[in-house]
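Number of protein chains: 2
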Amino acid sequence: MSAEAKRNAAPLGLPIALDAMGGDYGVEPNVAGAVAAARAGVSVLLVGREPQIHAELAKHPGSSSLPLRVIDTSDVIGMEEHARDVRSRREASINVCTQLVREDRAAAVVSMGHSGAAMASALLTLGRLPGVDRPAMLTHLPAKTGFVTLLDVGANADVKAAYLAQWALLATVYLRVVEDLEEPAVGLLSIGEEDHKGSQLVLDAHALLRAMDGQGIRFYGNVEGRDIFQGTTDIVVTDGFTGNVVLKLAEGEAKVLLGWVKEALGSSLKSKAGGLLARGALKGLAERLNPSAYGASLLLGVKGLVLIGHGSSDEHAVKNSLLRAARAHESDLIERLKVALEQFGDSPASGQSE
Amino acid sequence: MSAEAKRNAAPLGLPIALDAMGGDYGVEPNVAGAVAAARAGVSVLLVGREPQIHAELAKHPGSSSLPLRVIDTSDVIGMEEHARDVRSRREASINVCTQLVREDRAAAVVSMGHSGAAMASALLTLGRLPGVDRPAMLTHLPAKTGFVTLLDVGANADVKAAYLAQWALLATVYLRVVEDLEEPAVGLLSIGEEDHKGSQLVLDAHALLRAMDGQGIRFYGNVEGRDIFQGTTDIVVTDGFTGNVVLKLAEGEAKVLLGWVKEALGSSLKSKAGGLLARGALKGLAERLNPSAYGASLLLGVKGLVLIGHGSSDEHAVKNSLLRAARAHESDLIERLKVALEQFGDSPASGQSE
Chain W
1 MSAEAKRNAA PLGLPIALDA MGGDYGVEPN VAGAVAAARA GVSVLLVGRE
51 PQIHAELAKH PGSSSLPLRV IDTSDVIGME EHARDVRSRR EASINVCTQL
101 VREDRAAAVV SMGHSGAAMA SALLTLGRLP GVDRPAMLTH LPAKTGFVTL
151 LDVGANADVK AAYLAQWALL ATVYLRVVED LEEPAVGLLS IGEEDHKGSQ
201 LVLDAHALLR AMDGQGIRFY GNVEGRDIFQ GTTDIVVTDG FTGNVVLKLA
251 EGEAKVLLGW VKEALGSSLK SKAGGLLARG ALKGLAERLN PSAYGASLLL
301 GVKGLVLIGH GSSDEHAVKN SLLRAARAHE SDLIERLKVA LEQFGDSPAS
351 GQSE
Chain R
1 MSAEAKRNAA PLGLPIALDA MGGDYGVEPN VAGAVAAARA GVSVLLVGRE
51 PQIHAELAKH PGSSSLPLRV IDTSDVIGME EHARDVRSRR EASINVCTQL
101 VREDRAAAVV SMGHSGAAMA SALLTLGRLP GVDRPAMLTH LPAKTGFVTL
151 LDVGANADVK AAYLAQWALL ATVYLRVVED LEEPAVGLLS IGEEDHKGSQ
201 LVLDAHALLR AMDGQGIRFY GNVEGRDIFQ GTTDIVVTDG FTGNVVLKLA
251 EGEAKVLLGW VKEALGSSLK SKAGGLLARG ALKGLAERLN PSAYGASLLL
301 GVKGLVLIGH GSSDEHAVKN SLLRAARAHE SDLIERLKVA LEQFGDSPAS
351 GQSE
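Protein chains in written order, with our numbering: chain W, 1 to 354; chain R, 1 to 354.
These are calculated hints, taken from the structure and not from any lab test.
Hints should not be assumed to be uniformly reliable.
Remember, identical chains collapse to one label, so a pair may be satisfied in a single copy or spanning two.
Claimed, not checked - Below, simulated BS3-like cross-link-like pairs (lysine-lysine); rule was C-alpha separation at most 27 Å, straight line:
id	residue 1	residue 2
1	K248	K160
2	K197	K255
3	K338	K303
Using the sequences and the hints, build the whole thing.
Following this line, the structure appears as structure tokens:
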């Protein structure tokens, strides 16, 4: 980071660092989302190529009086590049973001860019919380009950049972602190409700979670694929392979199904008239199913707040992610996680798996 | 089986054996489904408690002239009992069904009962096809393109890469023979399209499948959760844990989403009028998403045709399963699988993994 960039970063207190170059659509949705978040009272550091960011900011009248600052850095890790590049390219926008958090000059990172690079940068620059073997990606899915919190949705394709136990604890603290859910129920994703059903990994994780019930978490037991949209539990914990498949299937199915509904409503003159009348109602439903509503996923288990979103995120997703990052910071999530992990230190599931 | 039962079974040629006691609703949907299938020209052996089955048949006028016979057996493995009970309870209805296939007195088994018991009975009585390490459950899901064939949906929670390679071959032959799809594309479910993404299992399976491309199968490469409803490939191969989660999530999400659509259409007087007009169109969509439309799953890799359905199957699911079983028998599926497995014998992925 240049000397000028450091000066720019300092006076804002603790703003959120936004990887302004990240995502499939570059600066445009990032800047628009930052402007919207700033109007809602959140300070944002826009990290990226200053000329491009300023040109984009100029399209938003009145943005110069908002709590927005630009941190200039010319390097960006593109969507097609390697995550390991974060090791050598210290001036890449995502590395500048995580470095700002490490130096306590930003409260959190939000990035819609290369998710592997963002995870790698967070691990490298911020490190893991004590007692955490592997950070997990946590996200929300819509459910009958409102939403369900799912993790890991892709940070770890191969896991150990102890990871799942740690993630159950982290997600419990997160929901308690950030979403005001006092005693969230934890479900372990399996292929049968009975305790003895599942893979060896799930059987081992079940035993650990059962032992933790009432001591840091509330363990409901196994849940199945059908329980996710039912909202049977507040939290669903699974490995990063299954969780990623679940997330992408859920989003993909919603998209195809809503397409079929529209098709069905337009399939006859009679139903077309019905569809026109019902259009407003369906639009509300589409919004409920839009991943943007929930913003980015949280990388849980690193020493700092890191939110990583879809490459296809629009300005609403950017804005919502910035607001959620600010809320997590205000609720002192990282400190609360540390305390919970310390109390958990005596548990058989604590970070001793490696 | 009693001597009388054996006499009853003989004269029908090769009917389908239906576990008439299986499922959450007992004989009622089984008998109704058998009657409907018989009306469509399929001979059925109803295996179970004769008095109950006859009482149920009496509710269907004209059923006495249909190609239906009853095989009396009093024992049934209930949904809450152990799958291992099939070892000791040889007169249980599912065991009588698989024994009929083993003795070439039935063309196939259809059961909506205890799925673990049905799999265990099939393995015990019929055994595996040469070259198959583990049989898999194959099912269809609705997709933009019509339907997608997914396996394994729950027979094997813990798998090896070679199993996935074998299943890709079996599913290819199945679609070619039974659904007339000449060169179905095989996708390997992963968490990224790139070859190097996924769990260690997926990376190993990817290498095996790549080597088989053009030799027995057509390998598309990795697919993600979102590709399932898109119908990117004809076949999606995965482990039985992930596949079972996918199946139950897909069904559960469809149910909840259609509920939300109905709610949205009824949420205002204006949209309610629209909803009434559109009702017929939506009903068609609900039917498309109803698992009954596809009937039971096929246990692929045993020496005989075995179809295992939802406990909650209705008479349509029973009927469709019986028709599909008859079609698979007429297309000589088992023999065609044997030939393909023999040709596959030289491949590195052939049944040498144990």
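Any of the earlier hints contradicted here, and which numbers?
-> As far as the earlier hints go, not one is violated by this structure.
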